[in-house]
Structures are given as C-alpha cells and as structure tokens.
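**Q** Generate coordinates for the entire structure from the input sequences, incorporating the hints supplied.
Same order as they appear, the protein sequences are chains D and F.
Quick note on numbering: my numbering labels position 223 of the first sequence as 223, and the sequence is numbered without any gaps.
Quick note on numbering: my numbering labels position 80 of the second sequence as 1080, and the sequence is numbered without any gaps.
No wet-lab data here; the hints were simulated from the structure.
It is possible that some hints are incorrect.
[What the hints assert, rightly or not] Below, a sample of chain D positions facing chain F; criterion: calculated Cβ distance under 10 Å:
no.: 1; residue: Ser-62
no.: 2; residue: Val-66
no.: 3; residue: Asp-69
no.: 4; residue: Ala-72
no.: 5; residue: Leu-73
no.: 6; residue: Pro-75
no.: 7; residue: Asp-76
no.: 8; residue: Pro-204
no.: 9; residue: Gly-207
no.: 10; residue: Arg-208
no.: 11; residue: Gly-209
no.: 12; residue: Gly-210
no.: 13; residue: Leu-212
no.: 14; residue: Gly-214
no.: 15; residue: Lys-220
Note that beta-carbon positions come from the ideal geometry of N, C-alpha and C, so glycine has one too.
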Amino acid sequence: MSVEGFRQSLLAAGLLIDGGSPGVYHRSFSFESIVSGLEVYISSVAADEERRQFQFSPLIASSALVRSDYLALHPDLIGMISSYAGREADLPSLLAKVAAGEEWSELLSPTDLALCGAACHNLYPLLADAALAADSLLYEVQAVCFRHEPSNDPSRMQSFRMREFVYVGSESGALAHREQWLHRGTELMRRLGLSVDVVVANDPFFGRGGLLIGAGQREKERKFEMVTSITSESPGAIGSANYHEDHFGRVYNISQSDASVAHTACVGFGLERITLALLHQHGLDVDLWPAVVRDRVFSAR
Amino acid sequence: MTDTDATIRGVLEALGRLPGTALRLKDHDDLYQNGLSSHASVNVMLGLEDAFDIEFPDSLLRRDTFQSVASIREALVSLGVTVDSQ
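**A** Written as structure tokens, this is what we have:
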C-alpha cells in the first residue's frame, strides 16, 4: 500500500482527522489510547532506574533556540510565536490588510516563545550554569514537539510527541547510556512485533553547510536511528540514539562534579510514529492485533 | 608557498577558529585534530568558495575534503582552481 493509501485508510477509519494543513492531524481517542499505552510501556522498562521525570512544556524560550544553536542548525524547522503587541488604534489598519488580502502577519511581533523541537531541549536550561549534583544524572522526559515539515506522509507530523531518556555526565557514561538504551529501545519495539533495524544517521541540518555537518555526524557515528516500516514498506525512524559530545554542556555551561564540561546523550521515541508503525504492521483494528502485542501496549500499567 | 596555499591558510586563519595559527600548519596536518570544529568547517567551506569563486558540489561536502590543507587544495584543483607556481 502506498503512503497516500495508508493515509486515506487512517482517515477513513477515523483514527486520524485532517487538521487542515499538511502534517497536522487531530487524533481519535482510539489512536490516543495506543499512544498512552506506549508511554507506559516505554517508561516501565526504566522502572528500576533512578531518574527524574518531566512532562515538559510544548513551549521553549526563543533565547534557548539561540543558545543551543538550534536556530543556526535548523532554522527551517522552527516555530516562533508571534502576537499582536500594537495599540487598539492600530488594529483597524491590520484588519484592513486582512480584508484586502494583503500580507498582515508582519504587523505581529515576536514573543519570547517558540515551540520546542525536541523533548530534551527544555532540560538543558534547567541545568545551566551549574555543576551536576552527582557524577551523572538520568532523566525521562516527554514533550509535544513541533517541526515545520509540512508533508502528506502521516509519519511526518508537524506536531508530535517524543519521550526521551537523557543522560548528563561523563563522556564514557554518555556513550554507555546511548548504547544501553539503543539496545533496550530496539528490543522494546521488537517485542511489539515490529521489525527494527539500527542504522547510522544524521540530523537534517539546514543548507549546504548542513550537508557537511551531517556528513561529520555520520562519520563520527553520533546518531543512530531505530528504523522500521511506518506508513509504507520504506523504513523510517521510530526513535533515535544521539551522543551530543559536550555541545549542550558547553553552550549551557553545565559542569560535571569534577568541574569538567558535561557530556550528554539521549535516546528518544516518536510516539505517533510507533503508533503508526503498529497500525501499519498489525492492522487498523486493535482488537485484531496479536494478543501479546495488545497486552504489552495496553496492560503495562 | 603558492598563492593558492596562502589563500587556503588565510581562510583557515580567519574562519577556522583554530587555537594555533593556520600559517604554520603543514600540508598534511589533520585540521580536525588541530581544532577545526564541524561548525567552523562550514565557515571555512563558505570562505573558500568566496575566495576562489567556486562552489563545492554536494559530493565534496564531506569531512575528508577539509581534513588538511592538501585535501582542500586537491578539492579546489578538481574544481578547476589553478595552483600558481611559487
């Protein structure tokens, strides 16, 4: 079945509802029950680990986009929030432009807020300009994320949820965390009946310069992706495992307990993508899924 | 040193953000080991395009293209830049 065919079947089944713009969907509560089940299923594998858990805001300070370099590396994915900061007396001229079909959004002003592009981005500001309280810290975080990537492929939604396990500490600890969680994550997904491969990957850094940075990222194996069929037979990433070296430690001035710059790594899961992969693999009727998969998704509490 | 090499080292000096001077780097010294970051390599790439009025094709936008002064020179020659004799 083609991507468009699968998309139409999801819409026809009422699992996704067209949100009026490419890559924007409302979800039925049936779809959401799979996402909720996956949240618990993924989280339960870390039940014995000491970690702090956060549901981060979908918003992030636009200053964080600058400090983290996200603006420089992914300007095309950003969602900035603007609002009207003018006077009441000036509103009629804005509305006149609207009525005349003219460009009017330039009359809005940027706020200090943007939409967050990755769940862990709201973690680093919380640790900024301080030394870690321990040799290493483990976080489990979830957030609604935004990436301006309009697409008719439901696996590329502009707004989606990501759950991540983030390590902050030493270089060796960060690499070990990534390896451990990449292995765990892959096994978690395979236990849901998905055929998952692990591949070296790179982030879609912006522009030609981005190709060079991406090539470097691949060469140094800084990013792995867990891939499977999501909306077609072509594999897509349902999660990724990233070693950031000391990037976030440096820009946010996060020190290890020995005063050296902290290293970080994160392993993240795309909840909508895993849901779509399950629907693609096992069918749109959850009642007809293999019992063992249904039990794992819905009974992990 | 040829003019081409001097220009390459000049771009590295201005844009490479290397801890030491680019002018003393030998032809085959590994630039990344001498402090060239991924971000700085992008600026170096753009600086070289400006200085030599060329454009690196996507196929040359790889780490090893900017690994050393020699590899940069080789890439430029492949794009038609003439290396002046000393």
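**Q** Give a verdict on every hint.
**A** Status of each hint after checking the structure:
{"no.": "1", "hint": "Ser-62", "verdict": "violated, 20 Å"}
{"no.": "2", "hint": "Val-66", "verdict": "violated, 14 Å"}
{"no.": "3", "hint": "Asp-69", "verdict": "holds, 8 Å"}
{"no.": "4", "hint": "Ala-72", "verdict": "holds, 8 Å"}
{"no.": "5", "hint": "Leu-73", "verdict": "holds, 9 Å"}
{"no.": "6", "hint": "Pro-75", "verdict": "violated, 14 Å"}
{"no.": "7", "hint": "Asp-76", "verdict": "violated, 16 Å"}
{"no.": "8", "hint": "Pro-204", "verdict": "violated, 14 Å"}
{"no.": "9", "hint": "Gly-207", "verdict": "holds, 9 Å"}
{"no.": "10", "hint": "Arg-208", "verdict": "holds, 6 Å"}
{"no.": "11", "hint": "Gly-209", "verdict": "holds, 4 Å"}
{"no.": "12", "hint": "Gly-210", "verdict": "holds, 8 Å"}
{"no.": "13", "hint": "Leu-212", "verdict": "holds, 4 Å"}
{"no.": "14", "hint": "Gly-214", "verdict": "holds, 9 Å"}
{"no.": "15", "hint": "Lys-220", "verdict": "holds, 8 Å"}
Comparing the model with each earlier hint shows violations of hints 1, 2, 6, 7 and 8; every other hint is respected.
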